[in-house]
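Residue numbers (my numbering), protein chains in the order written: chain A, 122 to 453; chain B, 122 to 453.
Some hints could be false.
The list treats identical chains as interchangeable, and a pair is accepted whether it falls inside one copy or across any two copies.
[Said to hold, decoys possible] Each computed SDA-like pair below joins lysine to any residue, with the alpha-carbon atoms no more than 25 Å apart:
#1 321 to 432
#2 391 to 167
#3 424 to 348
#4 340 to 309
#5 452 to 393
#6 391 to 232
#7 151 to 252
#8 391 to 231
#9 452 to 131
#10 391 to 168
#11 391 to 220
#12 391 to 221
#13 391 to 264
#14 378 to 221
#15 310 to 360
#16 151 to 414
#17 391 to 233
#18 391 to 294
#19 321 to 271
#20 391 to 271
#21 193 to 295
#22 391 to 265
No lab work stands behind these hints: they were computed from the structure.
Protein chains: 2
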Amino acid sequence: MTDRPEKLSGVVIDCLQYCKYSEAVFRDLKAGGVDAIHTTIAYHEDFQETVANIIRWNELFAAHGDLVLHGKTGADVRRAKAEGRIAVFFGLQNCSPIEDDIGLVEICHTLGVRFMQLSYNNQSLLASGCYESEDAGITRMGREVIAEMNRLGMVIDMSHSGERSTLEAIELSRRPIAVTHANPLSWHKVVRNKADTVLKALAASGGMLGFSLYPHHLKNGSSCALTEFCEMVARTADLMGVARLGIGSDLCHGQPKEVVQWMRRGTWTKEPLDPANPVVFPPQPAWFASNRDFPNIATGLAKVGFSPAEIDGIMGGNWLRFFEASFGGAKG
Amino acid sequence: MTDRPEKLSGVVIDCLQYCKYSEAVFRDLKAGGVDAIHTTIAYHEDFQETVANIIRWNELFAAHGDLVLHGKTGADVRRAKAEGRIAVFFGLQNCSPIEDDIGLVEICHTLGVRFMQLSYNNQSLLASGCYESEDAGITRMGREVIAEMNRLGMVIDMSHSGERSTLEAIELSRRPIAVTHANPLSWHKVVRNKADTVLKALAASGGMLGFSLYPHHLKNGSSCALTEFCEMVARTADLMGVARLGIGSDLCHGQPKEVVQWMRRGTWTKEPLDPANPVVFPPQPAWFASNRDFPNIATGLAKVGFSPAEIDGIMGGNWLRFFEASFGGAKG
Chain A
122 MTDRPEKLSG VVIDCLQYCK YSEAVFRDLK AGGVDAIHTT IAYHEDFQET
172 VANIIRWNEL FAAHGDLVLH GKTGADVRRA KAEGRIAVFF GLQNCSPIED
222 DIGLVEICHT LGVRFMQLSY NNQSLLASGC YESEDAGITR MGREVIAEMN
272 RLGMVIDMSH SGERSTLEAI ELSRRPIAVT HANPLSWHKV VRNKADTVLK
322 ALAASGGMLG FSLYPHHLKN GSSCALTEFC EMVARTADLM GVARLGIGSD
372 LCHGQPKEVV QWMRRGTWTK EPLDPANPVV FPPQPAWFAS NRDFPNIATG
422 LAKVGFSPAE IDGIMGGNWL RFFEASFGGA KG
Chain B
122 MTDRPEKLSG VVIDCLQYCK YSEAVFRDLK AGGVDAIHTT IAYHEDFQET
172 VANIIRWNEL FAAHGDLVLH GKTGADVRRA KAEGRIAVFF GLQNCSPIED
222 DIGLVEICHT LGVRFMQLSY NNQSLLASGC YESEDAGITR MGREVIAEMN
272 RLGMVIDMSH SGERSTLEAI ELSRRPIAVT HANPLSWHKV VRNKADTVLK
322 ALAASGGMLG FSLYPHHLKN GSSCALTEFC EMVARTADLM GVARLGIGSD
372 LCHGQPKEVV QWMRRGTWTK EPLDPANPVV FPPQPAWFAS NRDFPNIATG
422 LAKVGFSPAE IDGIMGGNWL RFFEASFGGA KG
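Using the sequences and the accompanying hints, generate a full structural model.
Structure below.
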């Protein structure tokens, strides 16, 4: 880890969460010092269902305008911080909202969507998902959609995609992409975490990794210690460079188990749930139980030797630079 | 070719066409001696757009009940023949009508859909398309949907799918599948035609091949001679057995060029049409210009040495047996 002498951003960004939002959750975010979140507005929804979710967010923005605003640019993060609010950025964890119509990419961007995963666990029209047994890479339509996202300034997120699709997306995209919520496979071997080859290619292209705090992505699960987590961050900084790192907690605070069952199963299977293997949200680690606990991560990063500037970058400064570079239209 | 002593079915079936239907086309079909057709009711449509297409067919059935009926079983072919009408069977050339919801398979079957392609040229949620550069086979959702189609009695059609996906569909399906409209790749090398390995696996599993009369699938295109075509049928009978063969003309009589442009491009690409390479329907061979010309095929088959029983099978009897075995619910 090298100390990067630079002005501290002072911002904290969580680049992926899907809580059951309410005034209480917004106050948790403020208590945790969070200035901006990227939240998911679609997992399996089609276009019109996604619009309905945006309408619900517009109701939250109207009801809680003192606490939240709809973030669309990097400058909105700074504005939210200056005004004591939280900038909420919209993202799609699947390409289901664009259905089979490339014209819907621009419509979604106009509606404020700034991230889209090319697939969610399963094969999509654009790319393979990480739970498919085979991954043939980016499809014909996928290549077209990547170019369109590049043109508009919508970030390609490959958190739930297969390895080959992810490597091809990094290669095909003219702009840096993101894995907003995952950890290194070398630390904890689950399908959702990413191999070093992927992380190196991501970093080399100027892309970003958001570390996940979802227990299934953590070594020792819900029992993962803060120090273990922060030591993993340090090793990843050695691999990718500290400037390529941020947080993408995957926090689903307040969501009932039916939500995780729907995330996993959508409407693509008729297989009944197995009572012997209940699908529920696992308990969060004690040191990251809610949005109030972001300061614990900063403290843990300091204990494993990160400098104040590095910690500022991981906690939000790196995502802020990425947001500033990514959300505008393509140059030239 | 072995002569199969059996009672002649006397029926003529075209197991794939997409004409611009009207009383005139129905009268062409009668003049050509056709008793049943499988027609496409969706290429890129979602569920509700497909329902709108069924509503348009219901209007045709109501207006021309003396000429056509909605076919749902093999018995409907015999009934149509007895009543001097044409049984019209519905099929989907893509899985777009079931969107991402496996529950829509049963809904479509209830609405009378009897065939569904797992993909159309491009990658779908279920399988790869023949124009993708890579084919990873049947997806997680694809396996579930194959089982559901098997249960209900909806035929898996792989005419526009990739080779690996097709071989895996043959393997995974508990019931015989179909390639309703394609020719052997060994006769005319285009992406849409099928390799001998595929045709052999199809035949071995009790599946059916419908010979296409779309000029791009024919050796020498629009200039293909009837004898050339019928000699190809004879060679395919040697490869697959004559009982596995039928016609799936892919006739698009009366459709304007905008339809073939939409078939190719749907809404998945922003690439403009290339004026140097106009996308239009090619002229049909002189001996198969419309639905009136089915008797020419029977005549041609006789000239290359097929027996009356074999010709009866290829012209419709083989499809009829396949319909009778395929459209009911799974046994046991």
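Results of checking the hints against the structure:
no. : hint       : result
1   : 321 to 432 : within (21 Å within a copy, 63 Å between copies)
2   : 391 to 167 : both (20 Å within a copy, 21 Å between copies)
3   : 424 to 348 : within (8 Å within a copy, 83 Å between copies)
4   : 340 to 309 : within (5 Å within a copy, 56 Å between copies)
5   : 452 to 393 : between (49 Å within a copy, 22 Å between copies)
6   : 391 to 232 : between (34 Å within a copy, 20 Å between copies)
7   : 151 to 252 : neither (36 Å within a copy, 51 Å between copies)
8   : 391 to 231 : between (36 Å within a copy, 18 Å between copies)
9   : 452 to 131 : neither (28 Å within a copy, 67 Å between copies)
10  : 391 to 168 : both (24 Å within a copy, 19 Å between copies)
11  : 391 to 220 : both (22 Å within a copy, 15 Å between copies)
12  : 391 to 221 : both (24 Å within a copy, 12 Å between copies)
13  : 391 to 264 : between (31 Å within a copy, 11 Å between copies)
14  : 378 to 221 : between (30 Å within a copy, 22 Å between copies)
15  : 310 to 360 : within (17 Å within a copy, 48 Å between copies)
16  : 151 to 414 : within (11 Å within a copy, 76 Å between copies)
17  : 391 to 233 : between (34 Å within a copy, 21 Å between copies)
18  : 391 to 294 : between (36 Å within a copy, 17 Å between copies)
19  : 321 to 271 : within (21 Å within a copy, 45 Å between copies)
20  : 391 to 271 : between (37 Å within a copy, 14 Å between copies)
21  : 193 to 295 : within (21 Å within a copy, 51 Å between copies)
22  : 391 to 265 : between (32 Å within a copy, 7 Å between copies)
Hint compliance for this structure: hints 7 and 9 are not met, and every other hint is.
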